[in-house]
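Chemist: Position chain B against the provided structure of chain U, taking the given hints into account.
Protein chains in written order, with full-length UniProt numbering: chain U, 1 to 564; chain B, 1 to 80.
It is possible that some hints are incorrect.
Straight-line distance between alpha carbons at most 20 Å, and here's what the computed EDC-like set of lysine to aspartate or glutamate pairs gives [unchecked claim]: (1) U:K456 x U:E68; (2) U:K428 x U:D365; (3) B:K31 x U:E101; (4) U:K256 x U:D298; (5) U:K285 x U:D298; (6) U:K372 x U:D400; (7) B:K4 x U:D537; (8) U:K102 x B:E27; (9) U:K542 x U:E68; (10) U:K61 x U:E468; (11) U:K102 x B:E30; (12) U:K396 x U:D218; (13) U:K372 x U:E397; (14) U:K361 x U:D373; (15) B:K4 x U:E534; (16) B:K31 x U:D93; (17) U:K428 x U:E198; (18) U:K456 x U:E468.
No wet-lab data here; the hints were simulated from the structure.
Chain by chain, the residues run as shown.
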Amino acid sequence: MTESSVNKLLNGDSCRRTSNGLKTSKNGFVKNHCLLQQPHKYRRPRDKNPNVPHNPSLYKKPFVESFEETPLMVAVLTYMGYGILTIFGYLRDFLRQWNIEKRHIARERDEQKDFVPLYQDFENFYNRNLYIRIRDNWNRPVCSVPGPKMDLIERSTPNYNWTFEYTGRVLKDVLNLGSYNYLGFAENKGPCADAAIEATQAYGVGVGSTRCEMGNLDIHEELEQLVARFLGVESSMAFGMGFATNSMNIPALTGKGCLILSDELNHASLVLGARLSSSTIRVFKHNNMQSLEKLLRDAIVHGQPRTHRPWKKILIVVEGIYSMEGSIVRLPEIIALKKHYKAYLYLDEAHSIGALGPNGKGVVDYFGLDPKDVDIMMGTFTKSFGAAGGYIGGKKELIDYLRCHSHSAVYATSMSPPVAQQIITSMKIIMGEDGTTLGADRLRQLHENTTYFRRKLHDMGLIIYGNEDSPVIPMMLYMPAKIGAFGRQMLKKNIGIVGVGFPATPIIESRARFCVSAAHTREMLNTALDAINEVGDLLQLKYSRRERPLPSLGWMSDESLLKD
Amino acid sequence: MNFKNLREYLAWLYYQYLLITGIYVLEPWEKSIFNSILFSVIAMVIYTSYVFVPIHVRLALEFFTRMFGGQPESTMTLMT
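One chain only, chain B, in its complex shape:
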């Protein structure tokens, strides 16, 4: 399949998404409802991961270094 430009390729990807989820058969307003719900869920997932994942990763790394390193560290330094 030859795609002349990026727009055509993106249009084909959108078509595949419509076919696989089954949205293709629905009326346009139903498609909009599903797309907006899916988009908002994905946006919330991205925001939550942006805010919380670095903190959780840092806490996990410190936990494991404490377990394997054995150096006494106070809990105050962990919380800051």
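If we strip away everything but chain U, and leave its shape as in the complex, we get:
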């Protein structure tokens, strides 16, 4: 198929079928008449995902992603580090088993020893012997608004992180690089907070019922109409919790006899929803359109597993921005595939709504596509709107069906009124309907901050994953001891970061994840960058093997181009 016919498909023209349709050859393998051909030349294995899209005519601006490969020496040393820590873990478990050392973890009483064990000791091996040793970098209590700067309560531990005590001091004005505060709406002053206070005085805080019974307030109706207008869809529905939106609505949409094609790195809520629905689930490689197309073709040709009947529906589940990788979904190619093979698309825009696109309307706006092409647009209000909850948008029939059949609508309490008012006010600010340019300023500031921060980190020689436009920036650390060391060193410099390790990422690819916000000023970013530079030298984190610009060409550097 030529590229021009792919463009025709994108505009909605149907493709002419051949007279004999698609036949399998004698072995049951399908011949390769794929839509998105993979070029067959040999690629040097330097970068994991080459950043050239295979159909460049579908993309209006360059799609640049980089996932630099792990240096071999670093991988070997990381495995060695994990090996040594495992040996010491066995030693400590042995001491605990034989009562030479005191046990802090939950265990059964002696009278229950003959029954089936409640606590499987070995499964928590990683937790006991690796996570708990560096546990002071997580669950730090925040005692102020989690805006660009926050206050943390200082903790000390008498027994190496098994228990914590407060020292009584509060760490003030810690720079916050971990909160999902992309547009800076996490604040306790300003128009959103005032509107939320008025809503509390009008409605109270609790709703006291579910949407289907007595919990449908007029503020919920106003919110849903606003969300539908914001996204450009016919109708939408809002739920009280983002995780529950995914896990409770996918079972209402698909069931037995349906197929769900989900990305490798989808969030736990999507995986849970897919499993609860009891549909067949097949996983395609992360953001890899050839893998998705192969799965689609095999599914349509072979049908359901034993009976070979056609699938009732095929649902492709992807996310807008993947928060652990910082990568953006290849939406134009997925929409071309979905139209060609007549599948449905479920797009989870938890991190991308409000953060991408010239108008802040998410990944559909970023690529300049039509929102009516995406069947189910889901998102959360937690990240860019400073509130809590989730929404689903789509055609009116779909949303009316979900109002009656979704578990979350029937059983879960509806959204609290001040939270709904916060979303309404912040959404109006983003759309520009409140009469000021505050929304456009914030979107522009976020884009500038993202570009600046990513460029500077790249130039320092750190390995950064992800797309150049995504405000989520994972920085690779690799070794287990460095996760703990990085978190502690940054806190000494009064900066709070989030480190991520094994169960959420592959075992050797542990990382620190920065979330840039529109509320960060240029001075704050410079403070953060200086600190990261120093700590990077101290811990030897600059693994990148790309060429870096020479630091001495002051008058020729791009610094002057980035000034406001």
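Modeler: For chain B alone, coordinates are given in the frame of chain U:
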């Protein structure tokens, strides 16, 4: 990174060793166990190489000169 004196540089090298092997997260007594085991293994390697490497090198050199030189030498002279 500027090191004022040798002590600071050595302290930084020790810190790198702690981070790379993963010992950094362990409690002090575990660090001591690992350091003492590693130190004793390295000491044994150094001692063994000090005692045996000159003899093995000399034997190898004599073997190769015999192969390429072709002069008859008795095994008694080789053993002394």
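Chemist: A separate judgement is required for each hint: does it hold in the structure or not?
Modeler: Each hint tested on the structure:
For the suggested pair U:K456 and U:E68, the alpha carbons sit about 17 Å apart, so the restraint of at most 20 Å is met. A threshold of 20 Å between alpha carbons decides the hint, and for U:K428 with U:D365 the separation of about 17 Å falls inside it, so the pair holds. Straight-line distance between C-alpha atoms of B:K31 and U:E101 comes to about 17 Å, which keeps the hinted pair within the 20 Å bound. Proximity of U:K256 to U:D298 is assessed by CA-CA distance (about 19 Å); at most 20 Å being required, the pair is judged to hold.
Between U:K285 and U:D298 the CA atoms are separated by roughly 15 Å; this keeps the pair inside 20 Å, and the hint holds. Of the pairs offered as hints, the one joining U:K372 and U:D400 holds, with about 17 Å between alpha carbons and a cut-off of 20 Å not exceeded. For the suggested pair B:K4 and U:D537, the alpha carbons sit about 16 Å apart, so the restraint of at most 20 Å is met. At most 20 Å may separate the alpha-carbon atoms for a hinted pair to count; U:K102 and B:E27 meet this at roughly 15 Å.
Between the alpha carbons of U:K542 and U:E68 the distance comes to roughly 13 Å, so the proposed pair stays at or under 20 Å and holds. For a cut-off of 20 Å, the pair hint linking U:K61 to U:E468 stands: about 12 Å separates their Cα positions. Between the alpha carbons of U:K102 and B:E30 the distance comes to roughly 16 Å, so the proposed pair stays at or under 20 Å and holds. The straight-line distance between the Cα atoms of U:K396 and U:D218 is roughly 19 Å, inside the 20 Å bound, and the hint therefore holds.
At roughly 14 Å between alpha-carbon atoms, U:K372 and U:E397 fall within 20 Å of each other, so this suggested pair holds. Proximity of U:K361 to U:D373 is assessed by CA-CA distance (about 15 Å); at most 20 Å being required, the pair is judged to hold. Annotation: proposed proximity of B:K4 to U:E534 holds, straight-line Cα distance about 16 Å (limit 20 Å). As the CA atoms of B:K31 and U:D93 are separated by approximately 17 Å, the hinted pair is consistent with the 20 Å bound.
At most 20 Å may separate the alpha-carbon atoms for a hinted pair to count; U:K428 and U:E198 meet this at roughly 17 Å. Straight-line distance between C-alpha atoms of U:K456 and U:E468 comes to about 12 Å, which keeps the hinted pair within the 20 Å bound.
The structure meets every hint from the earlier list without exception.
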